[in-house]
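These protein sequence lines map, in sequence, to chains A and B.
Counting in our numbering, the first sequence runs from 3 upward without gaps.
Counting in our numbering, the second sequence runs from 3 upward without gaps.
Incorrect hints may appear among the rest.
Pairs count within a copy or across copies, as identical chains cannot be separated in the list.
Unchecked claim - Lysine to aspartate or glutamate pairs mimicking DMTMM-like chemistry, simulated, CA-CA at most 25 angstroms apart: (1) K136 <-> E264; (2) K238 <-> D336; (3) K238 <-> E285; (4) K136 <-> D51; (5) K143 <-> E210; (6) K238 <-> E250; (7) K143 <-> D113; (8) K238 <-> E198; (9) K238 <-> E210.
These are calculated hints, taken from the structure and not from any lab test.
2 protein chains.
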Amino acid sequence: MNELARPPAASLTQEEAFARIRLLRSPNIGPVSYAMLLARFGTAVAALDALPDLGKRGGRQYRAAPADRIEREVDAVRRAGAKYLFHDQPDFPALLAEVDGAPPILTYRGDLSLASAPCVALVGARNASAAAVKLAREFGKGLAEAGFTVVSGLARGIDGAAHEGAFPRTIGVIASGIDIAYPPQHEALQERIASEGLLIAEQPPGTEPRGSHFPSRNRIIAGLASGTLVVEAAVKSGSLITARLAGEAGREVMAIPGSPLEARSHGCNHLIREGAVLVQSPEDVVELLTGFDGTPRSTFREPVSQFDFEPGEMAEAQPADIAALLTTAPVAIDELIRQSGESAAAVQLALLELEIAGRLERHAAGRVSLA
Amino acid sequence: MNELARPPAASLTQEEAFARIRLLRSPNIGPVSYAMLLARFGTAVAALDALPDLGKRGGRQYRAAPADRIEREVDAVRRAGAKYLFHDQPDFPALLAEVDGAPPILTYRGDLSLASAPCVALVGARNASAAAVKLAREFGKGLAEAGFTVVSGLARGIDGAAHEGAFPRTIGVIASGIDIAYPPQHEALQERIASEGLLIAEQPPGTEPRGSHFPSRNRIIAGLASGTLVVEAAVKSGSLITARLAGEAGREVMAIPGSPLEARSHGCNHLIREGAVLVQSPEDVVELLTGFDGTPRSTFREPVSQFDFEPGEMAEAQPADIAALLTTAPVAIDELIRQSGESAAAVQLALLELEIAGRLERHAAGRVSLA
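Just chain A, with the same shape it has in the complex:
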């Protein structure tokens, strides 16, 4: 086993840190089942040992990711000059840790203390208007000067301008691995953020960004910040997903308004109409977020669509309540999915929860019953 790139907290042995990475990278394990297994078995080492027995007789297969692949990952993280951060380490961003389905393991480069300062997320369209790009830069600058760390996603347009305005008080969260520059136009900006600010990645090194990674990346952006400001965005856009995630997490959702004659403003106007706080200046944001106590003034609560996430991707469904549907007579999992009206992922997660509690028995042909 390689040494981990960053010495884990005193209570976290090298072996346990390695096991945690390996557990999270195992098939069919996401943040929710990871947390469930850690809670049930105490350590990732013990959870990995138990993994093959879970779901053994039919149902979902659980097997640990190959150890040599994890060794290569740890090595790649070190070569990228990056470090690991685990959810229960003191430096793990407190607000992010509160978010449902937040990634329990991150990789990062740069100044981690930036994530301990009050954070505000600035996001928006890639094809933003010149006026909005100017606003993003001004808001980035004004908020950094007011002591906030500006979080964004390193995309072209609004994201890039927000980072540039805020230097060096800025965090870039990327959808790729920590060692992959994306988009290509922002390679230099990403390197500058890593050296002067803070660069964060959830995916393992070597991961090229995929469409399905962006909602999970957006969850981290929204989760780090006490408020998310959408600078300019059309109605169907990733920025609105970030705003929904911020609202779902109980954070402030803010938007800069624009004329109805400008389609690129319609997303922001929609957010405001649905309860996001209208802001016109960095001072408006500072006033709103200073002393944020977990009770947002924003009333924006638009549900995050299931379709925003790919099943089995980093953002896992929450376990469904299906114990009531079970008896000691075996029943097909497909039947449980039909009867509960829940997604397959949510039902599988609920079965895993029952299984590690010793209440589930698995039978042939994908059938289950109460133990």
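Here the structure of chain A is known, so what remains is to put chain B in place on it, guided by the hints.
Just chain B, lined up with the frame of chain A:
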């Protein structure tokens, strides 16, 4: 006595109609004291008879306006092709009648049935941007096509464009007398509104518009409509007074957003930030106002500043609660004003209320006591 230009309702004699006009035009009488006197004495004829005795021994002077001046007014209204409308006549707009301090007598030209349809007020800046003028015309057109009557103030910029878009379903409320065209650039528009739509004036004929008349005119605009939409306005503007009056009256307050980089949008953005509903299209307005039941979705409730009105002008203060300060020992009215912290107008109105209830005694040198 001249005939009134319009035959009053069956229950309203020519003599009583004349007396009502005369009572309202009398010095120190505004809508609130007018209503108080009418309630106390049953008819304006009786109230006029009682007027000289009120406040006789010191305090405010109440004397009827000269009858010959009222005769000339009634004649001028007829020559302008206009008619009178009294607050208790069936055609008096129902929503306007509900507003505190609404004018109990109006003059009008045109199609009074337009005021019985659902009304929406469209207001905004005189020096509006070309884009906002275009929006005002489009909203006027779209709302008229949806069956709404569009109410505005005939000012240059937004008002004029709203009227033009809505023809013939539009009401112009002017701050001058019914026979005075203002602003001069809109003389033809005003004439067209009078002949195809509906033109309403609160001030007596011959009255040139004064700054102090505009807030009262704005109260009528807001009062006629179930909702007021501000299309474009700076922070300090008459349009925001109209919005405050609409909010105070429990009506919908709506605004079209704009970029923070455009100072002419800041008033609208401020309204939205404080609870006005953001609208982007005529359909948004139709959706909001259709079936308006008196419970607005807008939460905008910014107080109407006393400074928006000139003391003694058409918008009277509400009577203060000063009976508790009085005993049977005479006290100076100035002292009551000091002790109550109320405006002089509010205290005088409260004293009038006590006096017509027979509870007040007036003494020399402006002193009063309980009777």
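Comparing the hints with the structure gives:
Taking CA atoms no more than 25 angstroms apart as the test, K136 paired with E264 passes in both settings, with 16 angstroms inside one copy and 13 angstroms between copies. When the C-alpha separation of K238 and D336 is checked against a cutoff of 25 angstroms, the pair qualifies neither within a copy, at 33 angstroms, nor between copies, at 64 angstroms. In this homomeric assembly, K238 and E285 come within 25 angstroms of each other (Cα to Cα) only across copies, at 20 angstroms, whereas the closest approach inside a single copy is 28 angstroms. In this assembly of identical chains, K136 and D51 lie within 25 angstroms of each other by CA distance neither inside one copy nor across copies; the values are 54 angstroms within and 70 angstroms between.
With identical chains, the CA atoms of K143 and E210 are never at most 25 angstroms apart, being 30 angstroms at best within one copy and 51 angstroms at best between copies. Proximity of K238 to E250 under the C-alpha cut-off of 25 angstroms is restricted to the intra-copy arrangement: shortest distance 18 angstroms within a copy versus 36 angstroms between copies. In this homomeric assembly, K143 and D113 come within 25 angstroms of each other (Cα to Cα) only inside a single copy, at 18 angstroms, whereas the closest approach across copies is 57 angstroms. In this assembly of identical chains, the alpha carbons of K238 and E198 never lie at most 25 angstroms apart, being 33 angstroms within a copy and 43 angstroms across copies at closest.
Only within a single protomer do K238 and E210 lie at most 25 angstroms apart by alpha-carbon distance; the minimum there is 24 angstroms, versus 52 angstroms between protomers.
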